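*Asks:* Sequence:
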Amino acid sequence: MEIISEFQYALGWLPIRAAMAAEARLMEERKSWRKDRPPLFVAKPMTRSDGSQSVLEWDIRIPARKSSIWWPGLFPATMSFPPSYPESPPRVKFLPITGKPLFHPNVYLDGGVCMSIINPPESVHGYGRGGTWSPSITMKQVLLALQTFLDESDGLAQGRDEPYRLRKNNYQEYIRRVKEQVSQVEQLE
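As numbered in the UniProt record's numbering, residues 1 to 189 make up the sequence shown, in order.
Keep in mind that a hint or two might mislead.
Said to hold, decoys possible - Capping the alpha-carbon separation at 30 Å, the derived lysine-lysine pairs in DSSO-like fashion look like this:
1. Lys100 x Lys66
2. Lys35 x Lys93
3. Lys100 x Lys31
4. Lys179 x Lys93
Because the hints were derived from the structure by calculation, they are not lab data. Computed from a prediction, not measured in an experiment: that's the story for all the values here.
Work out the full structure: start from the sequences and follow the hints.
*Replies:* Pasting the structure below:
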């Protein structure tokens with residue numbers, strides 16, 4: 001399938017059947033999610049101002065594991081699916097916490113996430129080429145990977161220098177900064 005930009009989609013260039021296929025796949029994933037949702041996770045289509053839902057835009061909340069330095073935080077984010085989903089991966093952005101991006105080496109200033117599972121194989125990064133995205137990966141798998149992502153930064157794929165340097169050179173200060181943000185999000189306890 002040819003990958004078409006969001007601009008081309010907005011102009012109506014993407015075949016309707018491809019966009020309908022993405023929506024159908026997401027509706028099935030939503031149905032499966034509702035039957036077998038991991039505890040404490042939240043994922044639901046965004047509600048538009050007219051009250052309808054956008055199946056291509058989701059509000060998500062990622063719970064930290066109890067063993068995590070991010071515990072007991074529940075971290076808000078968005079997951080945006082392109083009309084070419086599942087051929088193309090979703091984009092994930094953590095929402096700002098009191099105006100600041102999530103303090104994580106692999107989260108960019110805009111909240112975007114650098115994570116292999118949502119990078120397409122043809123992608124190019126500071127550490128090289130490729131990601132592991134495949135059309136067989138589900139929304140649920142991405143959400144579970146995001147929970148793991150909180151604790152497992154990849155120094156080779158750093159999104160921001162300050163969290164990367166602190167995590168590498170002054171882990172106690174990194175933990176302090178993380179805990180500062182954890183105290184400002186919804187708590188699971």
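*Asks:* It remains to establish, for every hint, whether it holds in the given structure.
*Replies:* Structure-based check of all given hints:
no. : hint           : result
1   : Lys100 x Lys66 : 24 Å, holds
2   : Lys35 x Lys93  : 25 Å, holds
3   : Lys100 x Lys31 : 34 Å, violated
4   : Lys179 x Lys93 : 20 Å, holds
Comparing the model with each numbered hint stated earlier shows that hint 3 is the single one that does not hold.
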